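Please arrange chain B on chain A, whose structure you already have, making use of the hints.
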Amino acid sequence: DGGITQSPKYLFRKEGQNVTLSCEQNLNHDAMYWYRQDPGQGLRLIYYSQIVNDFQKGDIAEGYSVSREKKESFPLTVTSAQKNPTAFYLCASIGSRGKTGELFFGEGSRLTVL
Amino acid sequence: GQQLNQSPQSMFIQEGEDVSMNCTSSSIFNTWLWYKQDPGEGPVLLIALYKAGELTSNGRLTAQFGITRKDSFLNISASIPSDVGIYFCALIAGGTSYGKLTFGQGTILTVHP
Numbered sequence: 143d144g145g146i147t148q149s150p151k152y153l154f155r156k157e158g159q160n161v162t163l164s165c166e167q168n169l170n171h172d173a174m175y176w177y178r179q180d181p182g183q184g185l186r187l188i189y190y191s192q193i194v195n196d197f198q199k200g201d202i203a204e205g206y207s208v209s210r211e212k213k214e215s216f217p218l219t220v221t222s223a224q225k226n227p228t229a230f231y232l233c234a235s236i237g238s239r240g241k242t243g244e245l246f247f248g249e250g251s252r253l254t255v256l
Numbered sequence: 005g006q007q008l009n010q011s012p013q014s015m016f017i018q019e020g021e022d023v024s025m026n027c028t029s030s031s032i033f034n035t036w037l038w039y040k041q042d043p044g045e046g047p048v049l050l051i052a053l054y055k056a057g058e059l060t061s062n063g064r065l066t067a068q069f070g071i072t073r074k075d076s077f078l079n080i081s082a083s084i085p086s087d088v089g090i091y092f093c094a095l096i097a098g099g100t101s102y103g104k105l106t107f108g109q110g111t112i113l114t115v116h117p
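First to last, the protein sequences are chains A and B. Per this note's numbering, the first sequence starts with residue 143, numbered consecutively. Per this note's numbering, the second sequence starts with residue 5, numbered consecutively.
The hints are simulated quantities; they were obtained by calculation from the structure and are not laboratory data. Treat each hint with caution, since some may be false.
[To be verified] Capping the alpha-carbon separation at 20 angstroms, the derived lysine to aspartate or glutamate pairs in EDC-like fashion look like this:
1) LYS74(B) with GLU58(B)
2) LYS199(A) with ASP172(A)
3) LYS241(A) with ASP172(A)
4) LYS212(A) with GLU166(A)
5) LYS199(A) with GLU211(A)
6) LYS212(A) with ASP172(A)
7) LYS55(B) with GLU244(A)
8) LYS212(A) with ASP196(A)
9) LYS151(A) with ASP42(B)
10) LYS241(A) with GLU58(B)
11) LYS151(A) with GLU249(A)
12) LYS151(A) with GLU45(B)
Since the model is a prediction, treat every value here as computed from it, not as a measurement.
Here chain A stands alone, though its shape is the one from the complex:
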C-alpha cells in the first residue's frame, strides 16, 4: 500500500546530541514537509521541499536541517542547537493532482530529550 513511513516512532536523546528522523514515501509525491506538534498547539512547519535537491525553511527552522537527495526520502535532523526539541514530529507529502491542501501524513516520531 502507498503511504508515508516515519521512523523511529519513539526516540530518546540526551542533550547535546543530534538525531535524525527518517521519512520515506512511495506515493510518488514531489512535495514533502516536516511539521512539529506540541500539546495545545497546532502543527508548525519546520522545512519543506517541493523538488529533489531543493528545500525551504518553514516558520520554525532554527536548530533543524534537512536533505532531499531522493524523491522518496526527506530526513530531518534535530541538532543540538534546537533549544526545545522534545515534541511530536510529523512528515507529510502532497501530490500535484490531489486536492489543494490535502497533505498525507506519516504516523509521526515522538522525540524526548532527557
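Chain B alone, transformed into the frame defined by chain A:
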C-alpha cells in the same frame, strides 16, 4: 505569521450528541481545511472548502466556509466513540506550495459511551 483561532480547545460529550467547533482568521483566505488526528497518528483531511459560503458534508460531518472568508465551522452529528481525537482547522499559508499550511490550535474531542 497568520493567526488562526480555534475553539473550543476541548469538548467532553456523550455519545449521540452533536458537536460544533469553529475557526477564525485575521485575514481573508480562499481555502479552509479540516483535519482529524486520531491518537498516536498523523492527521487526515476530512473536508476541504474552496468557496465563500460553501457548505460541504462528509457523512455525519458538515463544514461551512464563512461568507466573510475569515471563518469556518465544523459540525459532527450523532457522535460516536470513534469520533474521539483532535480536530484541526487549517489554511494554505500562501505561495505556490499547497502543503504549506497554517493550523489552528486544535479541538480535543472526548466522547463518553
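Verification of the hints:
no.	hint	verdict
1	LYS74(B) with GLU58(B)	holds (13 angstroms)
2	LYS199(A) with ASP172(A)	holds (17 angstroms)
3	LYS241(A) with ASP172(A)	holds (14 angstroms)
4	LYS212(A) with GLU166(A)	holds (10 angstroms)
5	LYS199(A) with GLU211(A)	holds (17 angstroms)
6	LYS212(A) with ASP172(A)	holds (10 angstroms)
7	LYS55(B) with GLU244(A)	holds (16 angstroms)
8	LYS212(A) with ASP196(A)	holds (10 angstroms)
9	LYS151(A) with ASP42(B)	holds (15 angstroms)
10	LYS241(A) with GLU58(B)	holds (16 angstroms)
11	LYS151(A) with GLU249(A)	holds (8 angstroms)
12	LYS151(A) with GLU45(B)	holds (10 angstroms)
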